[in-house]
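*Asks:* Turn these sequences into a full structure, and let the hints guide you.
Same order as they appear, the protein sequences are chains S and C. Read in the numbering used here, the first sequence has 82 at position 82, and its numbers run on one by one without any break. Read in the numbering used here, the second sequence has 29 at position 29, and its numbers run on one by one without any break.
Partner residues are not named here, just some residues of chain C that face chain S (Cβ under 7 Å, in silico):
no. : residue
1   : Thr-163
2   : Arg-167
3   : Gly-170
4   : Ser-174
5   : Val-213
6   : Met-216
These are calculated hints, taken from the structure and not from any lab test. Think of the CB as a built atom: it goes at the ideal place given N, C-alpha and C, for glycine as much as any other residue.
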Amino acid sequence: MFESIFTSVLRFATEYNEHFSSGMAYLGAGIAMIAGFGPGIGQGFASGKAAEAVGRQPEAQGKILVTTLVTQAVAETTGLYALLIAIMLLGK
Amino acid sequence: MIRKMLDFKLSGPLSPNVISTLIVVFVLGLIAVIVGIKVGKLDHRKTPRGFVFVCVMIVDVFNRFISDHLPGKRTKVFGPYLFTILIFLAFANTISLFGLKPPLSNLSVALTFSAITIVMIKFAEVKYQGVWKKLVSLLGPVKPLAPIMLPINLIGEVSTPLTMGMRLFGNLMSGMVISVMVYTALHWAVGIFAGIFVHAFFDIFFGLIQAFVFFMLSTVNLSMASDV
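*Replies:* Next up, the structure:
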């Protein structure tokens, strides 16, 4: 009798651990995407400065647009790393 | 993971991303051969017309654009490579409009671009700076700080191309995931109308911007690497 209780507890513990680890992985994926703050602030700052520059020198609009797009794409990289980590955690 | 890598077979079934890559390569190769034959037959005293004129104009605009960053002979050396990258990415990122999987949403295709970039940057450095100058520049400008600067510089050598491939992969894959999420969440009658905006934003806008950004970063990196 004692053994059957023991095995059922053990089975419950393994099932619980399985669900617990997958739930923690989803939680981690959500926490990883907090990194989205950084690229958002960075891209907004870059585009604000670009708007200022166009206001000061409207004739250089083309070059400013190109530079802004490239710098924003560079600033986006950290957010994409967070996205990759989140997707890796979701696949667990 | 290593066992999975060793299980690789050439004759195995290709992933859909690689199949769409091959389709893009085939179509672009066909177009390039046709344009090449037509340009070869051109009469130099007459103005070209129609499709050939558009192609000549595109190449001319492109050469003028990159000659700001890569002046002189370097335009001839790196121009064809950069133009190939730009055209391929522009077609590959918008190919999901035709119902194929975007090739860059597969990590192996994206990391191929990292490999191509790292080879080109090393080639430019060896050709224009020389091996010895490059090795000395890894130590940093201040010689006593060399033990600290050397690992940072070595990481920087690898991380630049890796980041470029990862950026392509992340952008294209996130676009694909969001489109799939929209299509599965909505009824098909609503999904048709939502698909217009989703594809316009994630395939055309982001795809073309990413192609341009990859081309622009390659140009800047190559111009820094080949700067004497």
